[in-house]
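Q: Listed here are the chains, written in short residue letters.
2 protein chains.
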Amino acid sequence: MNTIRKSIMDAVVDLFNEKGMKFTMDDISKKLHISKKTIYKEFDDKDELFYATVDYGFAAIKQKESEIIADDSLDLLDKISKVIVCLPDNYRNIDFRQVYQLREKYPVVYSRIAGKIETDWEETEKLLAEAMEKGLIKNVPIPVIKLTIEGAIEKFLSTQELAGTQVTYEQSLNSMIDIIMNGLRA
Amino acid sequence: MNTIRKSIMDAVVDLFNEKGMKFTMDDISKKLHISKKTIYKEFDDKDELFYATVDYGFAAIKQKESEIIADDSLDLLDKISKVIVCLPDNYRNIDFRQVYQLREKYPVVYSRIAGKIETDWEETEKLLAEAMEKGLIKNVPIPVIKLTIEGAIEKFLSTQELAGTQVTYEQSLNSMIDIIMNGLRA
DNA sequence: TGGAAACTTTTATTGAATAAATAGTTTTTT
DNA sequence: AAAAAACTATTTATTCAATAAAAGTTTCCA
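Taken in order, these protein sequences are the chains called A and B. Residue 186, in my numbering, is where the first sequence stops; the numbers in between run on with no holes. Residue 186, in my numbering, is where the second sequence stops; the numbers in between run on with no holes.
In case anyone wonders, no lab produced these hints; they're calculated from the structure. A portion of the hints provided could be inaccurate.
Okay, derived cross-link-like pairs now, DSBU-like style, lysine-lysine, Cα gap no bigger than 35 Å in a straight line [as the list claims (entries may be wrong)]:
1. A:Lys105 - B:Lys116
2. A:Lys138 - B:Lys31
3. A:Lys62 - A:Lys105
4. B:Lys134 - A:Lys19
5. B:Lys19 - B:Lys31
6. B:Lys79 - B:Lys64
7. A:Lys116 - B:Lys134
8. A:Lys64 - B:Lys138
9. B:Lys19 - A:Lys105
10. A:Lys105 - A:Lys46
11. B:Lys105 - A:Lys19
12. A:Lys134 - B:Lys82
13. A:Lys138 - B:Lys79
14. A:Lys62 - A:Lys19
15. B:Lys138 - A:Lys146
16. A:Lys146 - B:Lys105
17. B:Lys105 - B:Lys46
18. B:Lys36 - B:Lys105
19. A:Lys79 - B:Lys138
20. B:Lys22 - A:Lys22
21. B:Lys146 - A:Lys62
22. B:Lys31 - A:Lys146
23. B:Lys134 - B:Lys79
24. A:Lys82 - B:Lys79
25. A:Lys19 - A:Lys134
26. A:Lys146 - B:Lys46
27. A:Lys138 - B:Lys62
28. B:Lys46 - A:Lys105
29. B:Lys146 - B:Lys79
30. A:Lys22 - B:Lys105
31. A:Lys22 - B:Lys146
32. A:Lys116 - A:Lys31
33. A:Lys79 - A:Lys6
34. B:Lys146 - A:Lys138
35. B:Lys19 - A:Lys138
Reference excerpt, derived from the structure (chain A facing chain B, CB under 7 Å, subset only) [as the list claims (entries may be wrong)]:
36. Ile69
37. Asp71
38. Ser73
39. Gly135
40. Asn139
Every value quoted in this text rests on a predicted model; they were computed, and no experiment measured them. All C-beta atoms in this analysis are idealised placements derived from N, C-alpha and C, irrespective of residue type, glycine included.
Generate coordinates for the entire structure from the input sequences, incorporating the hints supplied.
A: Shown next, in the form of structure tokens:
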């Protein structure tokens with residue numbers, strides 16, 4: 001992929017973290033000191049730019065996920081833990097609190113992201129099913145596991161409750177995964 | 001407490017489950033075949049009625065909670081599980097999905113409920129702290145436990161994902177608590 | 001006394017009109 | 001060739017008056 005395309009998408013991510021969805025095509029061009037014409041040469045319209053940026057971001061996640069799954073030094077349960085944490089870890093530079101706000105404002109973009117997350121979960125579900133099959137973890141409905149983890153992540157991101165304590169978002173996430181994986185252990 | 005007061009508050013709960021917050025004082029009077037005058041004799045205004053109804057509902061929860069804590073046949077960890085499930089269990093007749101919708105529309109009522117839930121958590125936190133103290137469960141930041149459970153409950157309530165499966169909301173809740181309590185076990 | 005309904009006043013909703021912002025294009029400049 | 005700036009055509013936001021709905025009060029009647 002050409003470098004200008006990447007830098008535009010990076011700028012989109014930066015602006016998103018700064019202002020949520022309230023930024024314009026002019027903001028992007030100003031930030032990069034490029035002309036809007038250049039942006040429109042790369043992307044047909046704003047929507048396509050957004051979609052491409054989402055795809056671009058998730059490609060990195062998929063990449064890391066594959067590495068974890070291929071890593072033979074990890075046992076199955078470690079893989080599961082790592083694959084679950086993988087998403088937010090890769091996206092350390094993204095303000096996920098903003099993502100949940102775009103559900104109403106940009107439902108099309110949001111549903112694209114939701115779809116990606118869903119696809120992402122498929123891998124995790126496979127690993128969980130395999131671990132259940134092998135008797136490594138208890139036989140619990142997978143949707144329950146999924147919803148518990150998703151709910152916890154959303155809570156960690158949306159609450160200010162952690163702000164006061166010493167606990168960071170990342171530590172919370174790891175503690176939570178530890179508890180759940182330990183709780184699932186057969 | 002007089003019976004007319006109770007029946008009005010019960011009607012409020014029923015209407016809430018039916019229509020969310022979109023019901024009027026006339027709706028209440030029609031449902032009960034009483035005059036608005038009667039309602040206004042018991043309650044100064046709509047707000048006071050709402051507050052009273054919230055307090056009334058949570059009183060039942062507190063009641064059951066006390067019973068659990070006082071029950072000597074239960075060990076500490078069982079008490080924790082039961083106290084956590086206690087809230088939604090008592091509120092089996094309440095549509096909690098509606099509750100989350102009233103965050104924007106009736107922030108005053110919502111914050112009252114949020115306050116109640118917060119107070120409710122204090123008991124659970126005491127039990128968790130005690131169990132940690134006694135070395136029955138791992139030393140994990142209590143906010144992480146709290147947010148994980150709250151997040152999962154909200155997810156169970158807000159998602160349609162369970163609708164397809166055979167898993168009910170209540171089963172999910174119990175599975176989730178099992179996993180977490182098992183995961184916390186030292 | 002309390003229900004039914006009529007009535008007043010406050011609050012919420014709607015929609016048209018206007019103004020502002022911004023996507024996307026074209027022109028000018030470096 | 002691409003940035004900067006100017007431009008236009010849409011979209012989106014804002015305002016405000018008209019309308020409707022609902023809270024709260026009063027009157028009447030069984």
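Q: With the threshold set at 35 Å, check whether the alpha-carbon distance from Lys105 (chain B) to Lys46 (chain B) stays at or below it.
A: It holds: about 14 Å lies between the C-alpha atoms, which stays within 35 Å.
Q: Given the proposed pairing of Lys105 (chain A) with Lys116 (chain B), does the C-alpha separation stay at or below 35 Å?
A: holds (31 Å)
Q: Given the proposed pairing of Lys19 (chain A) with Lys134 (chain A), does the C-alpha separation stay at or below 35 Å?
A: violated (47 Å)
Q: Hint check: Lys116 (chain A) vs Lys134 (chain B), CA-CA at most 35 Å. Holds or violated?
A: violated (44 Å)
Q: Just to be careful, I want the Cα atoms of Lys62 (chain A) and Lys105 (chain A) compared with a cutoff of 35 Å; is the pair within it?
A: With a Cα-Cα distance of about 27 Å, the restraint between Lys62 (chain A) and Lys105 (chain A) holds, given a limit of 35 Å.
Q: What's the verdict on Lys19 (chain B) and Lys31 (chain B), does the C-alpha distance respect the 35 Å limit or exceed it?
A: The hint holds at about 13 Å.
Q: Does the structure keep Lys22 (chain B) and Lys22 (chain A) at a Cα separation of 35 Å or less?
A: holds (32 Å)
Q: Keeping to a limit of 35 Å between CA atoms, is the pair of Lys46 (chain B) and Lys105 (chain A) held or broken?
A: OK: Lys46 (chain B) and Lys105 (chain A) at ~32 Å, within 35 Å.
Q: Using Cβ atoms only, decide whether Gly135 (chain A) comes closer than 7 Å to chain B, and label the hint accordingly.
A: violated (16 Å)
Q: Keeping to a limit of 35 Å between CA atoms, is the pair of Lys116 (chain A) and Lys31 (chain A) held or broken?
A: Cα-Cα ~28 Å, so holds.
Q: Just to be careful, I want the Cα atoms of Lys79 (chain A) and Lys138 (chain B) compared with a cutoff of 35 Å; is the pair within it?
A: Since the Cα atoms of Lys79 (chain A) and Lys138 (chain B) sit roughly 23 Å apart, the hinted pair holds (cutoff 35 Å).
Q: At a threshold of 7 Å, is the proposed contact between Asp71 (chain A) and chain B supported by beta-carbon distances?
A: violated (24 Å)
Hints 2, 4, 7, 22, 25, 26, 35, 36, 37, 38, 39, 40 from the list above are not met by this structure, while the remaining hints are.
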